[in-house]
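*Asks:* The whole structure should be built from the sequences, with the hints applied where relevant.
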Amino acid sequence: GAVVSQHPSRVICKSGTSVKIECRSLDFQATTMFWYRQFPKQSLMLMATSNEGSKATYEQGVEKDKFLINHASLTLSTLTVTSAHPEDSSFYICSARDFLRTEAFFGQGTRLTVV
Amino acid sequence: QKEVEQNSGPLSVPEGAIASLNCTYSDRGSQSFFWYRQYSGKSPELIMFIYSNGDKEDGRFTAQLNKASQYVSLLIRDSQPSDSATYLCALNQAGTALIFGKGTTLSVSS
Chain A
1 GAVVSQHPSR VICKSGTSVK IECRSLDFQA TTMFWYRQFP KQSLMLMATS NEGSKATYEQ
61 GVEKDKFLIN HASLTLSTLT VTSAHPEDSS FYICSARDFL RTEAFFGQGT RLTVV
Chain S
1001 QKEVEQNSGP LSVPEGAIAS LNCTYSDRGS QSFFWYRQYS GKSPELIMFI YSNGDKEDGR
1061 FTAQLNKASQ YVSLLIRDSQ PSDSATYLCA LNQAGTALIF GKGTTLSVSS
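In the order they appear, the protein sequences are chains A and S.
So the first sequence is residues 1 to 115, counted in this note's numbering.
So the second sequence is residues 1001 to 1110, counted in this note's numbering.
Do not take every clue at face value.
Have a look at the derived ranges for each label pair, beta carbon to beta carbon [to be verified]: (1) S:R1060 / A:E63: 38 to 46 angstroms; (2) S:D1027 / A:G61: 38 to 46 angstroms; (3) A:T113 / S:L1075: 31 to 39 angstroms; (4) A:F39 / S:P1014: 13 to 21 angstroms; (5) A:Q42 / S:P1081: 21 to 29 angstroms; (6) S:Q1093 / A:E52: 19 to 27 angstroms.
Calculated from the structure, these hints are not laboratory results.
Even glycine gets a Cβ: it sits at the ideal position worked out from N, Cα and C.
*Replies:* Printed below as a string of structure tokens:
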């Protein structure tokens, strides 16, 4: 399968600060990337979909000004959590797909803790 | 509202047995169906996907799809303790994001 690298794997930040999470497709060109959030004992909830060179499409209830997504190249997408608060603490997972495949591949996830 | 329903479990099976995991969905327009395995604190790993009615086998895993009944299942033969994890059912339409169920926790005892 294809490799998707997500960084950092774990981050602790102070309330009010911003955190950037990177998602890279290492051996394929990711025309579409997806960002999910997972709270403990819950399923993955889609936050947004981004296509390279376009603005991200956010799911209902997800604040686009708080969760900034940039997909500037075919191998890199970033999620910036701005003015983080403790309720933003969660497991954030990116997923990437190229136009040839049906399946999407996941990054390792980022455990964000806001204190 | 697209919904993917899974029994949360836990499903407990002895080592060597067959584990059967089930999933139902509401959107008849769904085209592709996926099974992922997720260990605690880790990201999901793709097990297999299916988009045609019937069975699809890959090693110890068999996915079964019945679009008329809106039902997809995963059979794990010769279950091992290392198979203990949460199994996520997911689906999508062409080009769209995956929609996930809440997952079924499988526990394989040795």
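*Asks:* That 19 to 27 angstroms hint for Q1093 of chain S and E52 of chain A (C-beta), does it hold up?
*Replies:* holds (20 angstroms)
*Asks:* Between F39 of chain A and P1014 of chain S, does the beta-carbon spacing fit 13 to 21 angstroms?
*Replies:* Violated: the Cβ-Cβ distance is about 32 angstroms, outside 13 to 21 angstroms.
*Asks:* Can you let me know if the beta-carbon spacing of R1060 of chain S and E63 of chain A is within 38 to 46 angstroms?
*Replies:* holds (43 angstroms)
*Asks:* Taking 38 to 46 angstroms as the stated bounds, is the beta-carbon spacing between D1027 of chain S and G61 of chain A within them?
*Replies:* Distance hint for D1027 of chain S, G61 of chain A is violated at roughly 19 angstroms.
*Asks:* With 21 to 29 angstroms as the target window, see if Q42 of chain A and P1081 of chain S comply at their CB atoms.
*Replies:* holds (25 angstroms)
*Asks:* Within 31 to 39 angstroms: is that where the Cβ-Cβ distance between T113 of chain A and L1075 of chain S falls?
*Replies:* holds (38 angstroms)
Of the hints listed earlier, those the structure fails to meet are numbers 2, 4, in rising order.
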